[in-house]
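Protein chains in written order, with full-length UniProt numbering: chain L, 1 to 319; chain C, 1 to 319.
The hints are simulated quantities; they were obtained by calculation from the structure and are not laboratory data. Treat the hints with caution; some may be incorrect.
Just so you know, same-sequence chains aren't split out, so a pair can sit in one copy or run between any two.
Mimicking DSSO-like on lysine-lysine, the simulated pairs with C-alpha atoms at most 27 Å apart in a straight line are [unchecked claim]:
#	residue 1	residue 2
1	Lys188	Lys170
2	Lys111	Lys301
3	Lys170	Lys205
4	Lys111	Lys205
5	Lys141	Lys290
6	Lys205	Lys293
7	Lys28	Lys301
8	Lys36	Lys188
9	Lys28	Lys141
10	Lys205	Lys84
11	Lys309	Lys141
12	Lys205	Lys301
13	Lys111	Lys147
14	Lys188	Lys99
Fair warning: this is a prediction, and the values are worked out from it, not measured in the lab.
These are the residues of each chain, in order.
Number of protein chains: 2
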Amino acid sequence: MAAMLFAFAVSCLHADPLPSWNSTAPKKAIMEFVEKVTTSGSAEYVQPSDRIAVFDNDGTLWSEQPAYFQLFFAIDRIKALAPKHPEWQTEEPFASLLKGDVKAALAGGDKALFDIVMATHAGLTTEEFEKVVTEWMATAKHPQSGKPFNSMVYQPMLELLAYLRANQFKTFIVSGGGIEFMRPWAEKTYGIPPEQVVGSSGGLKYEVRDGTPVLVKTPELVLNDDNVGKPVGIQRHIGRRPIAAFGNSDGDYQMLEWTTAGNGPRFGLIVHHTDAEREYAYDRDSHIGKLSKGLDAAKTKGWTVVSMKEDWNTIYPSP
Amino acid sequence: MAAMLFAFAVSCLHADPLPSWNSTAPKKAIMEFVEKVTTSGSAEYVQPSDRIAVFDNDGTLWSEQPAYFQLFFAIDRIKALAPKHPEWQTEEPFASLLKGDVKAALAGGDKALFDIVMATHAGLTTEEFEKVVTEWMATAKHPQSGKPFNSMVYQPMLELLAYLRANQFKTFIVSGGGIEFMRPWAEKTYGIPPEQVVGSSGGLKYEVRDGTPVLVKTPELVLNDDNVGKPVGIQRHIGRRPIAAFGNSDGDYQMLEWTTAGNGPRFGLIVHHTDAEREYAYDRDSHIGKLSKGLDAAKTKGWTVVSMKEDWNTIYPSP
Numbered sequence: 001m002a003a004m005l006f007a008f009a010v011s012c013l014h015a016d017p018l019p020s021w022n023s024t025a026p027k028k029a030i031m032e033f034v035e036k037v038t039t040s041g042s043a044e045y046v047q048p049s050d051r052i053a054v055f056d057n058d059g060t061l062w063s064e065q066p067a068y069f070q071l072f073f074a075i076d077r078i079k080a081l082a083p084k085h086p087e088w089q090t091e092e093p094f095a096s097l098l099k100g101d102v103k104a105a106l107a108g109g110d111k112a113l114f115d116i117v118m119a120t121h122a123g124l125t126t127e128e129f130e131k132v133v134t135e136w137m138a139t140a141k142h143p144q145s146g147k148p149f150n151s152m153v154y155q156p157m158l159e160l161l162a163y164l165r166a167n168q169f170k171t172f173i174v175s176g177g178g179i180e181f182m183r184p185w186a187e188k189t190y191g192i193p194p195e196q197v198v199g200s201s202g203g204l205k206y207e208v209r210d211g212t213p214v215l216v217k218t219p220e221l222v223l224n225d226d227n228v229g230k231p232v233g234i235q236r237h238i239g240r241r242p243i244a245a246f247g248n249s250d251g252d253y254q255m256l257e258w259t260t261a262g263n264g265p266r267f268g269l270i271v272h273h274t275d276a277e278r279e280y281a282y283d284r285d286s287h288i289g290k291l292s293k294g295l296d297a298a299k300t301k302g303w304t305v306v307s308m309k310e311d312w313n314t315i316y317p318s319p
Numbered sequence: 001m002a003a004m005l006f007a008f009a010v011s012c013l014h015a016d017p018l019p020s021w022n023s024t025a026p027k028k029a030i031m032e033f034v035e036k037v038t039t040s041g042s043a044e045y046v047q048p049s050d051r052i053a054v055f056d057n058d059g060t061l062w063s064e065q066p067a068y069f070q071l072f073f074a075i076d077r078i079k080a081l082a083p084k085h086p087e088w089q090t091e092e093p094f095a096s097l098l099k100g101d102v103k104a105a106l107a108g109g110d111k112a113l114f115d116i117v118m119a120t121h122a123g124l125t126t127e128e129f130e131k132v133v134t135e136w137m138a139t140a141k142h143p144q145s146g147k148p149f150n151s152m153v154y155q156p157m158l159e160l161l162a163y164l165r166a167n168q169f170k171t172f173i174v175s176g177g178g179i180e181f182m183r184p185w186a187e188k189t190y191g192i193p194p195e196q197v198v199g200s201s202g203g204l205k206y207e208v209r210d211g212t213p214v215l216v217k218t219p220e221l222v223l224n225d226d227n228v229g230k231p232v233g234i235q236r237h238i239g240r241r242p243i244a245a246f247g248n249s250d251g252d253y254q255m256l257e258w259t260t261a262g263n264g265p266r267f268g269l270i271v272h273h274t275d276a277e278r279e280y281a282y283d284r285d286s287h288i289g290k291l292s293k294g295l296d297a298a299k300t301k302g303w304t305v306v307s308m309k310e311d312w313n314t315i316y317p318s319p
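Here chain L stands alone, though its shape is the one from the complex (with noise of 0.2 Å):
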């Protein structure tokens, strides 16, 4: 018995926590550093409450192409409300949604994708749009894939934040993403709850109707969580500094260089999409999920650059 247990405890011990990683610069970079963080004693120890870990979401722990995900969400939305919004029939950037057309609809730019996310998401309350997510999540699925987009998630990436959980950090998504989107389901993908879920708000107003308080979402900007709105969204929900922060595009570009620039040992690591077979590649030219000064920094401020194709063996977790 005891013997069986130690030999238990000796393959837990080697097992990998990273299967989905090639044994490439990357994985070794990563398990190098949380060891030196880990290891009490050392120069470099770093405390268990101070083990605050931040990632990007589209893109990063889930697919973003060929739209960010939350924009699917959107269209539905408006479709489904188009009945009580005849206006939209005449209306831009809906009645190009309306008709299909995407790219017409967003040429409008960041006016457009601001009046196409407040016209979906404010108006409800927060329970009642917590519902609407939900109900998404379970029956949308990926226009090019076929799949539920919540399946569309990296299992290496998966397999980073148990490995870092299991060393007791604290794992945060810091996406550009809508917040009240992402919490619905974020726990139950990831294993990261609501109050480590920090993305970019809408304003909230409180109200008692007949007898029980709601919050309703209301259509102002409170944090546009992106580029310098990283670590102001860090700063605002979190209150300190990250050690270690994973990104993908130059819209993570400020938290890398905020988390890096701190005292002690930091780690700051980007996913480059160069995998168009498994995923899709893109950096420089994308319109979406564009990397090209995170690619030209990487190097000089120790950035570690993982490449989808060579770097993992696996890409989404099995069915």
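Add chain C to chain L, keeping to what the hints say.
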């Protein structure tokens, strides 16, 4: 040896987790609630991840008389900064403050308070501000007790925080006070880490100064975390409804209302300041920590009211 261990285990099981609480109704109500939601198999069992408890700070975890402690901090900052602001000698509310006339300074109402807070809190980087708060907390003394401000915390509430955490609750501060004013000392004083502190929040701006990234505090109000702002702050930061809320003034009314209106077992508690001898006695007519609406509603809402005089055998921790 086994007998000793057994005796130790039994004594642990019977140790009183709330020794500073008298054996009156509030203590009984707290312990019944905690036992109910933590007994697996019971109809009112709540899974650990949903055991969210929120605490007001001023008047609930520490004293708030004769003025909010953060105001003493702001006044000390005004004095320290005055040499750089000759205009404050004639400009209100600063002129009165510098003459030591707090009452005249605050005659300007919320606008005066806002000006004082912004003048003393904005302009610094988050790291500079943290240093200023930490130094002040280590040296400043309460004008009446002569004690450090963070020693004027309530021993019964420290026991309650520890008791809830021992029962797998996650404890949060949700305070009208400044989020960055509380974070530097909340972990050491209350065991509440920065990411579990919600408070009134100013603006933040990300800048790179001579190659070093900083977050600069700006003079805007992003969240007024009081009254209807408390449920908003809870949703923004925590993203789910707490099952227990602890407050002391009408500024906590909506937080208590929002928390206890949820489905399943809920707990709301109001600390009533009834002890002029050991602390302060005030409620309906107080200019600080006014408690009137909450006192009227407690019975119909099922909120527990703690009389500091009757229900607590100790107020402050022994030095």
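Checklist line | Index of numbered hints that the structure contradicts, given in increasing order | finding: 2, 9, 13 and 14
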